[in-house]
Amino acid sequence: MRKLLPILLTLLLPLTAMSQGKLYNKYSSRQDLKVAEIAGFKLNDSVRVDVVMLQADNDEAWQQMKKEHGIKSTEGFESWLGELDTPSKRTKWNGRPVMRVIASHTHRTIGFYRLDNEAQYDALIDYQINKMSSRKDKKR
Amino acid sequence: MDGKINEEQFEALWQRAEADGYAKRLASEYPSWRAHRRRMAGFAILFVAVAGTAIPFLKNPKMEPDNKNYLMAYCNRDDISAQYWVDMADELLIGM
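Line by line, the protein sequences give chains A and B.
In this text, residue positions in the first sequence follow my numbering: the first is 1, and each later residue adds one.
In this text, residue positions in the second sequence follow my numbering: the first is 1, and each later residue adds one.
Derived by calculation from the structure, the hints in this document are not laboratory data.
Only pairs whose alpha carbons sit at most 27 Å apart, straight line, appear in this in silico BS3-like list of lysine-lysine:
(1) A:K42 x B:K68
(2) B:K68 x A:K22
(3) A:K42 x B:K59
(4) A:K136 x B:K68
(5) A:K131 x B:K68
(6) A:K138 x B:K68
Stretches of chain A that chain B covers, calculated by requiring three or more beta carbons in the stretch to come under 8 Å of a beta carbon on chain B:
(7) 31-38
(8) 46-58
(9) 106-116
(10) 125-138
Below, a sample of chain B positions facing chain A; criterion: calculated Cβ distance under 10 Å:
(11) Y70
(12) M72
(13) C75
(14) N76
(15) A82
(16) Y84
(17) M88
(18) E91
(19) L92
Just so you know, even glycine gets a beta-carbon here, dropped at the ideal spot from N, CA and C.
Can you make the complete structure from the sequences, with help from the hints?
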């Protein structure tokens, strides 16, 4: 039985133990923001990413979020690669973990997609291309 | 042989007997030990069978097919579903 206990704990612990990201913790207590974390958002059969979403409840909160993340556009979408610890700081892909940040004015929402490696970086682009292609096909 | 040996001693004896080809004879002289070993093997098989059935059930009590495109989602508001956020994450990627 002593040998079986560690095996049992290993199987059961993932049900309860899941670390909440820094970003989620930073904003989760804000009353004017809806904050969510999605663990393992599926991009394809073998690649998943973790995503944090911030959604402003009102225009005032959205303007504050825009200022905080350096969003200058006023409509549509704005996207950039941000540094992992400070996603508002723009960076370039250099193989190190980064955040793909996408802000939508329509939804007053910012999505942070954590990219730890090249496979995730490539899969995210492929996902966007495939989804956009299938959406265009449906419209035809 | 009065059977008053501890488990370690028995194990050593058993190993030697197995090596010497006398395991059957030894087992016949210690029937309770043989029963004990069989019982422990039975418990191990039962445990694996129960765990194999119970763990998937605990993870998915309704036993619905697992075709989610995310592993887990949580939010600081209780009234918003996980699917809402997954759809939103999808929408941002496509709409960009």
